Amino acid sequence: MRNWLVVLSLFVGLQSFAQNEILGTWYNDIKSSKIEIYEEKGLYYGRIIWLEDPANSDGSTPRVDEFNEDPALAKRELMNLVILQELKWNRSEKEWQEGTIYDPNNGKTYECYCLLQEDGTLYFKGYVLGITWLGRSTVWTRA
Numbered sequence: 675m676r677n678w679l680v681v682l683s684l685f686v687g688l689q690s691f692a693q694n695e696i697l698g699t700w701y702n703d704i705k706s707s708k709i710e711i712y713e714e715k716g717l718y719y720g721r722i723i724w725l726e727d728p729a730n731s732d733g734s735t736p737r738v739d740e741f742n743e744d745p746a747l748a749k750r751e752l753m754n755l756v757i758l759q760e761l762k763w764n765r766s767e768k769e770w771q772e773g774t775i776y777d778p779n780n781g782k783t784y785e786c787y788c789l790l791q792e793d794g795t796l797y798f799k800g801y802v803l804g805i806t807w808l809g810r811s812t813v814w815t816r817a
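Letter by letter, the sequence shown follows residues 675 to 817 in my numbering.
Accuracy of the hints is not assured; some may be wrong.
To be verified - Taking CB as the label site, the calculated pair distances span:
hint, residue 1, residue 2, range
1, 743, 815, 29 to 37 angstroms
2, 735, 792, 41 to 49 angstroms
3, 735, 768, 20 to 28 angstroms
4, 730, 789, 32 to 40 angstroms
5, 762, 817, 22 to 30 angstroms
6, 730, 792, 37 to 45 angstroms
What the hints assert, rightly or not - Using 30 angstroms as the maximum straight-line C-alpha spacing, the simulated DSSO-like pairs for lysine-lysine come out as follows:
hint, residue 1, residue 2
7, 799, 749
8, 715, 768
9, 782, 705
10, 705, 762
11, 762, 708
12, 715, 799
13, 762, 799
14, 768, 782
15, 708, 768
FYI, nobody ran anything at the bench for these hints, they're computed from the structure. Keep in mind that this is a model prediction, so the values were computed, not measured. Even for Gly, the Cβ is constructed at its ideal location relative to N, Cα and C.
Kindly generate the complete structure, drawing on both the sequences and the hints.
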């Protein structure tokens with residue numbers, strides 16, 4: 675009985691490890707920003723913690739969310755902006771699903787899922803209208 679409990683606890687521990695492999699700091703696909711992925715109440719989020727070009731062309735004012743269609747949101751700074759929201763770990767699919775990802779380069783929010791690839795990169799698929807083939811993908815690397 676005790677051996678069975680040890681095996682069960684190891685299995686549960688491995689599952690927890692797998693779902694938390696997403697945690698940490700990642701470069702976006704063109705290495706122009708770093709995103710910190712963190713867990714909060716069982717859901718996963720990502721915020722911008724570094725920008726290659728943190729200031730506007732004037733060199734003194736911080737970059738803002740200029741492409742957002744909402745005038746109030748277009749004034750918020752990109753630094754510390756949460757761009758990845760409410761991803762849930764799906765153990766059977768071995769991927770994080772049902773979240774959203776925001777692209778500050780066009781001001782659009784997409785439904786998304788992501789998975790950790792064998793080479794250690796993080797593959798994201800952003801899509802609209804619930805149709806996964808109606809979207810685009812990107813790959814992030816660990817920072």
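To see whether the hints hold, each was checked on the structure:
1. Between residue 743 and residue 815 the beta carbon distance is about 30 angstroms. The supplied range of 29 to 37 angstroms therefore holds.
2. For residue 735 and residue 792, the Cβ-Cβ distance of about 42 angstroms falls inside the hinted range of 41 to 49 angstroms, so the restraint holds.
3. Remark: the range hint 20 to 28 angstroms for residue 735 to residue 768 is contradicted by a beta-carbon distance near 43 angstroms.
4. Checked against the given bound of 32 to 40 angstroms, the beta carbons of residue 730 and residue 789, roughly 35 angstroms apart, stay inside it.
5. Between residue 762 and residue 817 the Cβ separation comes to about 24 angstroms, which falls inside the hinted range of 22 to 30 angstroms.
6. Roughly 40 angstroms separates the CB atoms of residue 730 and residue 792, a value that falls within the hinted 37 to 45 angstroms.
7. Distance hint between residue 799 and residue 749 is fulfilled; the C-alpha atoms sit about 27 angstroms from each other, no more than 30 angstroms.
8. For the proposed pair residue 715 and residue 768, the alpha carbon gap of about 19 angstroms is at most 30 angstroms, so the pair holds.
9. In summary, the hint linking residue 782 to residue 705 is supported, as the alpha carbons are separated by about 20 angstroms, within the 30 angstroms threshold.
10. Distance check on the hinted pair: residue 705 and residue 762 sit about 25 angstroms apart at the alpha-carbon level, within 30 angstroms; holds.
11. About 21 angstroms separates the Cα atoms of residue 762 and residue 708, which keeps this hinted pair within 30 angstroms; it holds.
12. Between residue 715 and residue 799 the alpha-carbon distance is near 23 angstroms, which keeps this suggested pair within the 30 angstroms criterion.
13. About 14 angstroms separates the Cα atoms of residue 762 and residue 799, which keeps this hinted pair within 30 angstroms; it holds.
14. Taking the CA atoms of residue 768 and residue 782, the gap is about 26 angstroms. The hint holds against a cut of 30 angstroms.
15. Taking the CA atoms of residue 708 and residue 768, the gap is near 24 angstroms; set against the 30 angstroms cutoff, the hint holds.
Checked against the numbered hints given earlier, this structure breaks only hint 3.
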